[in-house]
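J.: Residue numbers (the numbering used here), protein chains in the order written: chain C, 1 to 263; chain S, 1 to 263; chain F, 1 to 263.
These are computed hints drawn from the structure, not numbers from a lab. Be aware that a few hints might be false.
When chains are identical, the list treats them as one kind, so a pair holds in a single copy or across two.
Here are the simulated lysine-lysine pairs, DSSO-like style, with alpha carbons at most 27 Å apart [claimed, not checked]:
no., residue 1, residue 2
1, Lys149, Lys91
2, Lys77, Lys186
3, Lys91, Lys186
4, Lys190, Lys91
5, Lys117, Lys190
6, Lys77, Lys254
7, Lys149, Lys117
8, Lys217, Lys77
9, Lys168, Lys77
10, Lys254, Lys186
11, Lys117, Lys240
12, Lys254, Lys91
13, Lys117, Lys186
14, Lys20, Lys164
15, Lys190, Lys20
16, Lys20, Lys186
17, Lys91, Lys168
18, Lys190, Lys77
19, Lys164, Lys117
20, Lys254, Lys190
21, Lys77, Lys164
22, Lys149, Lys20
23, Lys168, Lys117
24, Lys254, Lys240
25, Lys217, Lys149
26, Lys217, Lys168
Keep in mind it's a predicted model, so treat the numbers as computed, not measured.
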Amino acid sequence: MLELRLVQGSLLKKVLEAIKELVTDANFDCSATGFSLQAMDSSHVALVALLLRSEGFEHYRCDRNLSMGMNLGNVSKMLRCAGSDDIITIKADDGSDTVTFMFESPNQDKIADFEMKLMDIDSEHLGIPDAEYQAIVRMPSGEFSRICKDLSSIGDTVIISVTKEGVKFSTAGDIGTANIVCRQNKTVDKPEEATVIEMQEPVSLTFALRYLNSFTKATPLSETVSISLSSDLPVVVEYKIADMGYVRYYLAPKIEEEEDMKP
Amino acid sequence: MLELRLVQGSLLKKVLEAIKELVTDANFDCSATGFSLQAMDSSHVALVALLLRSEGFEHYRCDRNLSMGMNLGNVSKMLRCAGSDDIITIKADDGSDTVTFMFESPNQDKIADFEMKLMDIDSEHLGIPDAEYQAIVRMPSGEFSRICKDLSSIGDTVIISVTKEGVKFSTAGDIGTANIVCRQNKTVDKPEEATVIEMQEPVSLTFALRYLNSFTKATPLSETVSISLSSDLPVVVEYKIADMGYVRYYLAPKIEEEEDMKP
Amino acid sequence: MLELRLVQGSLLKKVLEAIKELVTDANFDCSATGFSLQAMDSSHVALVALLLRSEGFEHYRCDRNLSMGMNLGNVSKMLRCAGSDDIITIKADDGSDTVTFMFESPNQDKIADFEMKLMDIDSEHLGIPDAEYQAIVRMPSGEFSRICKDLSSIGDTVIISVTKEGVKFSTAGDIGTANIVCRQNKTVDKPEEATVIEMQEPVSLTFALRYLNSFTKATPLSETVSISLSSDLPVVVEYKIADMGYVRYYLAPKIEEEEDMKP
């Protein structure tokens with residue numbers, strides 16, 4: 001039997017908004033340690049990984065590991081029926097082919113339950129090894145979202161270049177070129193407004209803006225985003241979920257044409 | 001001659017928004033007692049009844065009974081030109097085939113008059129007998145609106161079931177099922193937030209959500225809605241207009257298939 | 001070399017929004033005295049004139065007169081990437097075929113530069129003689145915008161009639177007629193809320209509402225608008241830009257059919 005009670009139910013609504021644009025169907029995996037998801041986007045280019053640790057739930061009961069396949073559009077439709085202050089409980093009986101989302105209003109006067117059929121979804125769980133990154137940029141998530149959106153009005157790809165001084169986002173398109181530089185800045189009034197760069201060596205990588213824009217749907221989950229870059233690894237764009245876990249997006253850099261020639 | 005002056009003109013704007021989705025053309029009936037309308041929706045399934053009593057107007061002059069046929073879309077276009085604080089006056093001369101809406105800004109610096117041709121509309125006025133209902137639910141109008149909207153994302157019809165404990169709204173569709181229960185709750189800080197049930201006997205009836213959703217366009221008119229249910233009668237969904245009258249919607253319940261067999 | 005630094009960068013964003021609906025491509029003319037533009041709308045009916053005087057810039061360097069052809073849609077795309085508190089600098093090297101817009105965030109932590117190719121645009125600069133107008137109406141720009149929008153829901157043209165008492169806006173269409181009168185009112189708490197009429201003689205002229213509605217895109221630039229009317233001249237609709245200049249729109253009145261007969 002599975003019963004997960006989350007007082008801050010709006011968090012689950014935000015999680016679904018953060019991933020449903022990229023992923024259509026996916027398995028939610030429940031174990032004693034937490035509620036998680038790992039899925040490729042529908043074009044098999046980007047990977048999403050979600051973790052909500054069991055400690056973050058008010059009540060967390062998961063008798064045995066369970067993998068529940070769901071259409072994320074349908075889950076999102078149901079969660080949109082939850083009020084922003086509602087407590088959300090996810091329930092499933094052992095062996096059942098349905099999952100129930102229960103929404104309780106703060107004063108307990110309104111109780112809704114939504115039951116949904118589960119799906120069988122083939123998926124293999126990729127092991128993502130821990131890696132050392134050449135550069136990690138932490139910056140306000142709203143700033144990163146704004147930059148990706150702004151550059152999309154000019155070009156299709158962005159070059160992200162990190163030096164000790166800051167991070168530069170560049171693009172080019174038919175109407176012109178654009179460069180946006182965010183300087184490292186640790187001395188701000190609020191820590192969530194800082195731009196902090198941890199760098200082993202300078203790095204410059206190219207990405208498709210359309211995926212980065214999808215990643216920024218997670219902006220409401222966290223005031224900061226961290227971007228981990230290395231020449232030979234997919235970028236990791238991480239939004240931490242306070243006290244509970246994270247949503248992480250992985251995306252391989254675009255290879256320059258000269259490098260295409262290499263074996 | 002007809003001259004009706006309404007200081008709170010925004011109320012008339014809200015009335016039009018409340019009925020123009022359901023009704024295309026209708027007669028507004030003026031008599032010494034008030035300004036009223038009764039009309040079927042265009043598919044002849046739902047009935048709307050409006051009453052604005054003469055006492056609610058700052059000035060009310062109606063020398064003889066008058067029935068003015070109007071296209072509600074056009075009336076709404078004109079009323080949307082009134083500012084939200086404007087005083088609205090409705091004027092018509094005896095025997096004239098036009099009606100004039102006059103809007104005065106609170107400081108009298110801006111005065112607008114909009115003149116519209118009247119239409120000939122055949123309509124018969126239905127007598128709606130007073131009835132005893134098995135159950136009457138009074139609840140916050142915003143809550144009822146939210147529930148109808150939420151359930152529409154799951155299914156097409158709603159079963160409304162009333163017991164002493166509360167009212168349950170249920171639906172089912174391709175993606176799953178949903179139940180929303182609102183418990184009776186009279187002990188709230190603000191009386192307009194109460195959910196109150198007056199019940200002679202339990203009742204459970206099925207309605208098309210698309211009509212209920214149209215009825216909830218009246219939500220800005222009142223903080224509460226009352227829903228009167230009986231097995232053999234159309235449901236009445238009523239929004240009171242403070243000190244003036246009401247907008248009421250009538251809709252026949254859907255008959256279950258077993259009952260279809262009855263003579 | 002050209003380098004114009006504008007601390008209140010949002011003003012330039014508003015200027016582009018004010019003119020880009022009417023004008024597709026245009027030359028921005030820079031001289032020692034200021035930054036200006038004059039262009040016909042694409043149907044060659046209305047004329048737009050912009051002036052930003054050099055004194056209004058924090059830094060203004062323009063070594064020689066320069067005419068820079070730009071697609072206003074593209075300029076608007078780039079300026080939309082500037083934050084509302086950003087400082088904007090426009091830069092061009094002598095003989096260069098590009099222009100650069102630089103945006104600096106108030107705390108200097110984020111610096112963006114957008115480079116755009118210039119275009120060759122044929123245009124002749126019309127001399128607009130100073131004229132005496134029969135009537136000049138100054139009124140709140142928001143009020144004028146609302147009136148043009150409201151009347152557009154009824155008809156296609158507006159008759160603007162000025163007398164000593166006030167200004168009347170009238171229209172007629174399939175669904176009816178509308179008249180909106182704004183009375184002269186100088187005794188208001190805030191001067192920007194006044195409606196002031198300077199009149200030599202009464203005047204009544206007809207204009208296409210679709211152009212007036214385009215002119216009102218300049219509403220965010222100024223709290224007041226002035227409308228200068230004479231029987232034999234295009235109307236001038238002017239939005240002053242505080243301490244810097246103006247956006248002016250010129251539109252010829254529609255000739256009544258009787259007058260069409262005149263030589």
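J.: Broken hints, numbered, in rising order?
T.: Checked against the structure, the hints that fail are numbers 2, 3, 4, 5, 10, 11, 12, 13, 14, 15, 16, 18, 19, 20, 21, while the rest are satisfied.
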